[in-house]
Structure formats: structure tokens, C-alpha cells
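Asks: Each chain, letter by letter, is given below.
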Amino acid sequence: MTNKKRLNLSWVFLMVLTLSGALMGEYAHPGFWITLSIAFITAIKGRLIIDEFMQLGDASPAIRRTVRLFGLLVPSLIILTWMFGPELARWISLATF
Amino acid sequence: MEQAETSDKPASRDVDMVASQRIPGNRAIWVGIFAELVEFTLMFLVYFIARVNHPQVFHAGPEKLSLLAGTANTAVMLTSSYFVARAVLAMRKDHPDISLHWLIAAFITAIAYPIVKTLEIRWNLDHGVSGDGDVFQMTYYYLTFNHLVHVSWGLLGMLWIMLRTGFGGYSAQDHHGMIAFASYWHATDLIWLMIFPLFYVLP
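Which chain is which? The protein sequence lines are A and B, in order. To convert, note that position 22 of the first sequence is 22 in the numbering used here; the numbers rise steadily by one, no gaps. To convert, note that position 163 of the second sequence is 163 in the numbering used here; the numbers rise steadily by one, no gaps.
The hints are simulated quantities; they were obtained by calculation from the structure and are not laboratory data. Each residue gets a CB set at the ideal place from its N, CA and C atoms; glycine is no exception. Heads up, some of the hints might be wrong.
[To be verified] Cross-link-like lysine to aspartate or glutamate pairs, in silico, DMTMM-like; alpha carbons within 25 Å at most:
(1) B:K93 <-> B:D174
(2) A:K5 <-> B:D94
(3) B:K93 <-> A:D58
[What the hints assert, rightly or not] Derived DEER-like restraints, expressed as beta-carbon distance ranges:
(4) A:F13 <-> B:M138: 30 to 38 Å
(5) A:E26 <-> B:A28: 37 to 45 Å
(6) B:V57 <-> A:F40: 20 to 28 Å
(7) B:G131 <-> A:L80: 23 to 31 Å
Pulled out of the complex, with its shape left as it was, chain A reads as follows (with noise of 0.2 Å):
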């Protein structure tokens, strides 16, 4: 496959994601499913803007684990503070401060 034909695949991938996005976030409903729905799709629309945009596949590791260190601490980070959000608010309370 081309560059061209592969970075207008992502395009539309990434546009289809959004709009999955976008309807869950009009009609669903709290729940872990669609919680980690939107974090799966949100961990592949950032490693398809690391990887097909950015191009940091050949670049330095150092880059390029980083990079991706960051696509993945959102999507982590949702699906982490609803399996224990309680017990994290229990360690993190603002109250405190």
C-alpha cells in the first residue's frame, strides 16, 4: 500500500471513530462497557496519529516510546479511574489540601 492510500485510510478511520465517539456520547449510558469502549477508541485513533501522521515508526525509540507513552495514558487513565475510582479518591482527596 502507498503512504498516500494509507494516510487517506487513516483519515476516514479516524473520522468513523469520531463519529462512534461522538454517538456514544449522545446516547449511551454510564456503564464499563462503554467505558472502555470510548478508551479503546480513543487509544487507536492516538496511535494511528503517532504511527500514519507523525510517522514515528522509524524514529528514534526514545521518541517514539514516548510518544506513544503519552497516547496511552488517557485511554489508561479512563478505564483505571472507573474500575477504582473510590479507592483513588480515597488516596488523592482534595480535601486534604
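Given chain A, put chain B in place with the hints provided.
Replies: Relative to the frame of chain A, chain B by itself:
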């Protein structure tokens, strides 16, 4: 535009870009990008600390915002980022004129971001969403205003890259400045992709 790019090679990427220690653009831009990522990492931590301490406020938060505005700005950022990637690809193929056309398309698209943002803020204020509202609203303004500042810098950078391209400042052999800008713009796009679900989607 399409005809001139039919010599596009398979996705093996350009040979000179394959070095395992490749720094896209230049070191200076990556210092800036890492600073940007650290800044937003801290802000995301603030968001999640506030979220676990005020779960009900955050569950109800997205309903108060305009999902249409958030989705529109996501589409704007993604499309502008795509156009910039196409500009870099065209320059690699030694087509500076086509590259400039893609950059102009990217700029026209990206300028919609502050316009949509302005309309969104007006809509917010009409619906009682202000910077001195609840903790969800405060973090929303805190993060999205910061992101708007980064987009504004990017727009100025894009103008500079357009001028350089228009005056023949880049070639297929040397367009590190364009790649540096593209890296910054894609990073700013990546950050928005993280902000979007937190404020507009996540119930």
C-alpha cells in the same frame, strides 16, 4: 494534484528516513513537544484527580457542553493534520507546489478551530457554562483554553511554513523545518484527541 503524485512508492518510506535514531524535524522542536506533552500530562492528572473526587459532577458534565462543537473541532483538527501530512508527503516527492496547496488547505481548515471555539464559548455562556462554574467547567476551560493557545502557535507556525514553501525554502532533500512543524501540529492534534472524550463523551 493527484496526477503529479502517481509516482508514490510503496510504504517502505524514504530510505533516508529509516535510520533507527531518526529525529523527525530537529531536536529543538522535540524539546518543545515534550514540554507540551508534560504540560498536558499534568493537566490530565488534575482532571482525573478532580473526577474521582467529584464523580457526580463529571458524570453530568458532558450534557452541559455542545457535543456538536467538540465533534466539529475534532474533525477540523484531524483533517488539518491529514492535509499537513499530505504536504510533507508531496515535498518528499519533490512537488513543492502541491505541498503548498496542501498547506493552504490545512490552514483554511485549521482556522475553523478558533472560530468554532469562539462560537462554542458564546453558546456555553448562554447556557450557564462559565469559568467560575463547577469543578467540571473549571477543568474544561483550563484544558481547552491551554489547547487553544497551542493551536494558535501552530497556526502562526503554519503561516511561516507556507511562506517558506512558497518562496522555495524547502526541497525534497531538505525540508526538516516542515517536518518539525508537522510534528508539532500532529502532537497538538493528538492532545485534542485525548481532551475530546474527557469533556464531550465520557459519561
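Asks: Give a verdict on every hint.
Replies: Hints, verified against the model:
1. B:K93 <-> B:D174: Distance ~12 Å between K93 (chain B) and D174 (chain B) Cα, so the pair holds.
2. A:K5 <-> B:D94: Holds: K5 (chain A) and D94 (chain B) sit about 18 Å apart, inside 25 Å.
3. B:K93 <-> A:D58: Holds, at about 19 Å.
4. A:F13 <-> B:M138: 30 to 38 Å: 34 Å, holds
5. A:E26 <-> B:A28: 37 to 45 Å: 42 Å, holds
6. B:V57 <-> A:F40: 20 to 28 Å: Cβ of V57 (chain B) to Cβ of F40 (chain A): about 25 Å, so the range 20 to 28 Å holds.
7. B:G131 <-> A:L80: 23 to 31 Å: 28 Å, holds
In summary, this structure violates none of the numbered hints.
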